[in-house]
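S.K.: Read off the chains here:
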Amino acid sequence: MPVVVAKYQPVGRFDASTAAQHEAELRRLLDGEAQSIELDFSKIEFLSSAGLRVLLVTASAAEKKGGTLQLSGARPAIREIILTVGFDDIVHLRD
Amino acid sequence: MKPTTLTYGVDDTPPLLELASLGLQQVLMGAAGWVMMATVLATLSVSLLDTQSMLRMGMIVTGLGAMLQANRRGPVGSGYLCPPIIAPAFFSTTILAGGGFGLATLFGMTTVAGAIEVVLARLLPRIRFLFPPEVIGVVMVMVGIAVLPTGFPRLLADPATLSAGADQGRNVAVGIVTLATMTGCTVWGRGLVKLLPLLVGIFTGVAAALALGCVPPTALPSIMNEPWIGWPHRAVSGFAFEWSLLLPFTIACVASSLKNVGDLTMCQKINDSDWKRTDMASVSRGASVLGIVNIASGLLGTVSHNASSSNIGLAVASGATSRSIAYSFGALMVLCAFLPKVAATITALPPPITGAAVIYCACFMMLAGIQLLTSRLLDTRRILMAGCALAFGLSAGLMPHLYVNAPHFLKPILNSPVSFSALVALVLNYLMQLGNTRRCRLTLTAAEDNYATLRDAMLEFGASVGARKEAITAATESLHHVMESLATGLASGEITVDIAFDEYHLDLDVSYQGQAIELVKTRPDRNTLLNDPTGLAKLSGWLLGQRADRVRIKTDADRCHVLLRLTN
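These protein sequences, in sequence, are chains A and B.
Counting from 1, position 34 in the first sequence corresponds to residue 137 in my numbering; the numbering is continuous, with no gaps.
Counting from 1, position 95 in the second sequence corresponds to residue 110 in my numbering; the numbering is continuous, with no gaps.
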């Protein structure tokens with residue numbers, strides 16, 4: 104069966120002030136038909152520890168449904184943070 | 016780190032055949048300086064014999080100077096491929112001294128000028144603060160622009176540059192073919208062709224000139240009449256000194272030194288992809304060589320020299336900046352001094368070909384300066400400083416008649432758009448920094464969302480001090496991580512952020528009342544992050560250390576401090 108993919112493009116910050124909002128939206132998508140999420144990070148200027156936690160929670164939820172969390176368009180500094188914290192095996196970075 | 020655009024970096028040694036070819040290419044580029052020298056000397060009605068003598072002595076000085084410049088050890092030498100060339104900053108003083116008092120006085124004052132430049136070179140590290148990247152960027156842009164009036168009339172076959180009866184259209188075609196070949200070799204060439212775009216372009220240009228009948232009729236006889244081997248001799252004997260020329264020559268020395276700073280900085284930048292700022296100690300050693308070159312110029316009987324921007328541009332364009340090339344260049348240059356036919360051949364090259372070479376190299380020089388200017392955040396002060404410097408420099412180049420009635424002692428500056436721009440940049444930079452502090456304090460509230468306030472304040476501060484964009488971005492992100500940690504309940508009330516900048520470092524002191532942030536050395540694992548209530552705080556503490564070069568936590572009697580240091 105083909106994997107159902109939902110796309111989400113957050114804007115601005117992915118930190119403590121916006122984490123709850125983004126987590127809720129991503130949970131809503133995964134609670135629906137979507138098994139995988141494609142996150143477009145091209146409009147994200149800052150990723151904090153709270154944002155990383157949201158990514159981890161979402162990636163874990165997608166894996167439980169047999170899907171993945173893909174992240175594209177991230178700035179070099181944000182890609183570096185994801186690689187440095189070792190989340191690149193669960194949050195799949197795309198160019 | 017060696018940039019990926021270079022085939023042979025400064026520490027590499029090309030194979031012998033390529034070394035010789037690259038050295039020969041640099042010699043041909045240096046020929047543009049000989050053409051300029053001959054043009055200046057023609058205004059002094061110097062005889063052909065004396066002109067040839069001064070040219071050949073100039074070859075010796077240039078060759079030995081390039082080799083000394085490549086020296087890495089000892090008190091002189093920058094270690095880079097940075098050959099000398101006749102100095103435009105000294106054109107007016109050359110005409111003043113040679114035309115008003117004779118060649119002996121010209122040579123005497125050139126020697127004195129060289130000594131002044133050596134003194135100035137040793138002072139450079141102490142006056143480093145006068146040469147921030149924005150000032151040097153302006154100089155580098157103008158260095159590229161300043162060669163355009165030499166290049167374009169030749170490239171586009173201005174009738175004044177051609178022999179009587181020459182066909183302008185065909186000569187333009189020769190120039191365009193030459194420039195197109197050089198460009199094509201650089202963009203699409205492989206192997207030797209990519210390394211030697213100038214040489215390939217010149218040979219192609221000569222072939223085109225022969226095919227189109229654009230070789231001046233005097234070219235071949237002027238070469239044939241010269242012997243194969245000849246001992247170069249000084250144009251006139253003796254020295255003379257003229258007190259009234261001391262101030263103009265000193266101003267020319269300052270102007271020339273500023274250009275040298277720009278060119279030597281360019282050498283550093285093109286050889287290191289991690290380059291952040293000028294190494295003034297290296298510039299000082301390199302500028303000392305150029306002072307010594309001018310002492311030798313006076314002693315041997317030729318005109319003043321400074322760093323050759325076009326040769327540096329050629330090294331960039333050909334992807335070969337190896338200091339070994341300086342030795343092959345130097346040896347070939349000194350050899351040329353003993354081969355009169357070589358000098359005659361170089362000066363016999365059709366003007367469209369030498370013009371194409373100059374324009375080709377100018378492209379790289381101008382853009383290097385623009386890249387440097389835009390590598391730093393610019394606030395209004397810096398924009399106006401750079402803008403005014405460029406505008407005034409260009410005005411001297413485009414409308415020289417406006418400065419005809421300027422005092423004599425200013426003529427050396429005003430005759431050189433590079434020098435004029437540099438002087439305006441230096442003065443404005445100094446004046447506009449008055450009252451500009453390199454410290455800043457922000458007062459924030461723990462309970463509020465301070466993201467935009469911090470981001471905008473850091474950008475404004477960074478622009479006011481000319482910090483690197485990357486350093487300000489990293490500092491801003493570090494501060495955001497700190498604020499996010501404090502927002503978990505560690506801080507209450509007022510938070511102050513003290514920022515200090517000293518060109519090398521950005522220091523941040525976040526001070527607040529509350530509990531200290533736990534700096535975690537080990538990255539929290541996923542289980543901790545998902546299930547431990549303190550997981551988020553631990554990850555924040557760990558992330559703090561990733562962007563900043565140094566993080567320290569300090570507690571006073573009643574306040575906690577997070578001290579961050581980042582390299583600019």
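Since the hints were made in silico from the structure, they are not lab data.
No residue lacks a Cβ here, since even glycine has one placed at the ideal position from N, Cα and C.
A few of these clues could be false.
To be verified - Taking CB as the label site, the calculated pair distances span: (1) B/88 to A/114: 53 to 63 Å; (2) A/198 to B/202: 24 to 34 Å; (3) A/123 to B/560: 25 to 35 Å; (4) A/123 to B/580: 44 to 54 Å; (5) B/207 to A/176: 20 to 30 Å; (6) A/106 to B/573: 50 to 60 Å; (7) B/542 to A/134: 21 to 31 Å; (8) A/145 to B/522: 42 to 52 Å; (9) B/524 to A/108: 40 to 50 Å; (10) B/138 to A/145: 26 to 36 Å; (11) A/123 to B/564: 26 to 36 Å; (12) B/447 to A/198: 18 to 28 Å.
To be verified - Facing chain B, a subset of chain A residues (Cβ under 7 Å, in silico): (13) 111; (14) 119; (15) 145; (16) 151; (17) 152; (18) 156; (19) 159; (20) 187.
S.K.: So which hints don't hold here, by number, going up?
M.R.: 4, 5, 8, 10, 12, 13 and 15
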